[in-house]
Amino acid sequence: MLALLAAVALPALYWDQGPATAAAVKQAGIERLYVPASEMAAWRDAGFDAQAFDAARFVKLPVPGVRYQMDVASATTVPWIDANGWRFQRKGGGSYFYDAPAGKAMLAAAEAYANGVEAVIHVDAKDLAGFARMLTFLRSIGGETLPALANFGFIDNGSAQTGEVMNLLARRNLLFEVVRKPDPKYEMNVEIPADAKITNPSDFSARVRQDLTDEKRLLRIFGSDVVLARLNGDNTRVRVHLINYSDRKVEGLRVRVRGVYSRGTLAAFGQEKAALEDFSAADGATEFTVPSIDVYAAMDLRK
Amino acid sequence: MRRRAFLQAAAVTPAVFAATEAREPLPKYRIVSRYQPSTPPGMPGIFPGIVARVHAESAIDVNTEKVDVATVREMMARGMRSLTGDADTRDSWARFFVPQDVVGIKLNCSGAPGTASTPEVIAEIVRNLGTVGVKPEQIWLYERFQNQVDTMHYDRYVPAGVHIWTAEHDRGSIQSYDPKTYVEVNFFGEEDTRSNVSRPVSEQFTKIINVPNMKDHGAAGVTGCLKNIAYGSFSNVARSHSGPKSNTYSFIGTLATVEPVRSRTVLNIMDGLRGVWHGGPFSPSRKFRFYPKQMMIGSDPVAIDRLLIDVIDDKRKVEHAISVWDRSMDNVKAGQGYDDNPSINRFIREPGHIEYASQLGLGVYDINKIQIRKTEL
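Taken in order, these protein sequences are the chains called X and G.
Sequential numbering from 1 applies to the first sequence in this note's numbering.
Sequential numbering from 1 applies to the second sequence in this note's numbering.
There's no promise every hint is true.
As the list claims (entries may be wrong) - In silico lysine-lysine, DSS-like type, Cα no more than 25 Å apart, as pairs:
| # | chain 1 | residue 1 | chain 2 | residue 2 |
| --- | --- | --- | --- | --- |
| 1 | X | Lys249 | G | Lys180 |
| 2 | G | Lys374 | G | Lys293 |
| 3 | G | Lys28 | X | Lys303 |
| 4 | G | Lys28 | X | Lys216 |
Calculated from the structure, these hints are not laboratory results.
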């Protein structure tokens, strides 16, 4: 995949295992990191681009992931996804911090990258190598700052209720842009009046989907309910970001992108020579299969 | 053995169903397939409305569940000849299959290992395919879930070279399904609105033999030919049930009409050596298992399934269980002991899916128009 020009910011490491672990960090290929203020000098002496970590500068995020719960009505397990994408859209910028327990650093990195935000990740000692591999991967695919694409505008009044709705919209891969007032570039703008009480935010988000219609959606995912997507692009190309919030690989994911693209490439974390399968473009949409996704994959489509 | 074979138009009082019962509007289905119907047409196939029904008391020992292979062989031979009218069993099979065919045998393993497509029945099908020149390498036993098939050990019964294939080694994976052949429908607002056909069905098989069991089904009322070929060949079908409601009424038949499933399913051999009269499609214990000791053979899945309704409901009546036609919400009690209590329903059952399938052109439902050719061994 070609490296593109102005790069999306890569997540940064916050490492508090002490300068004695410098060799391990160097071996992991990391040269720039955040450390406790008291250790900054020592890390710099060791040749690292070390910055003192100041928690006050960052917004701390919940740990991303999936929780499963039984759905008695349909006797299936329904996954609940803890994802932060809607928070990034609400804030519209800013710097973020993840305190990632073991096994979560790579997911946190992928989430931050896909959403184009600056993030620092406190990485568990066990995850250093994996985190470094993710950084290497993200660096390799580049990432010009193409604008995020959306189906509708969403007027955010800052309330907890609205936040919950935004979370559920993102959970359904309904792509929206937070706007201050109805944006005429969108056929649909969604606003929840300040005095409205939504008794069932899930039903509300379902209604938004229904009003939009599946045919008009910019992006749809088939084959998994634990993968969330982001879409960036312009008139001639798009990048699809897929983030797998579970701790298991997803085998076989079908993606539908509105618009007719003649070719596409796939970069999947943890896989060399990954390629899209069953690529087809017809009836105003392009579809393809991602054979396997670990934590994160990016597809670049061109007209 | 006593041998009689005769034509019989069944004089069974049809089950009472409130035909005038108002239904909610049916879901909107979008079928996407690039395959064209075959000539001759698929289901109901070359023998519409005809069912060859063979019963043999010695087919299976009800105490040990040991299957008598010789009896199974005779049942299938007599059933096929009865269906086609040929004197030679090989000629019966040759009406459906040619040596160049790649044949998928649709197993039913949802009740495995308690009640599933009997390995000896499957082996006999494979053997018969061999007599008309279909090599083992051209035969595929297929199902959806690996963990269910693994419990049946079909490999011990069929020749080397026969493929045993499942769509989902990991449940939920769509990797082995054809992305370009599917039914799209939104039942309850689920995100994934597609059910795709298994890849070998569309990309490899030229013919399919459907081998369901005789079972009741908590959502569909009964599960026979139609449900086995429909829900068993497509992905993402469990989403059709939610709360007391099941969309099996229209979804089963709709899936069965999708080309190439419809055209390639040329023969149904309903394996009724064992049956399940409650708690189906599962069969975790012998509590609700029974032994019809019969096979029903035909090209018409609707006609066979129409007879299956009576097999199951008659048994339920004897056991003082509520009818598969019961739609009273008083009896729908999810999570309250359905697995052990045949007077409870988990969903509103939909045995009407069979009549609906006939309305889609998949076969003959009118009991007075079904020709049963009965053989007693």
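Evaluation of the provided hints:
1. Lys249(X) <-> Lys180(G): Between Lys249(X) and Lys180(G) the Cα gap is close to 23 Å, so the pair holds against 25 Å.
2. Lys374(G) <-> Lys293(G): holds, 13 Å
3. Lys28(G) <-> Lys303(X): violated, 32 Å
4. Lys28(G) <-> Lys216(X): holds, 17 Å
Taken one by one, the earlier hints fail for this structure only at number 3.
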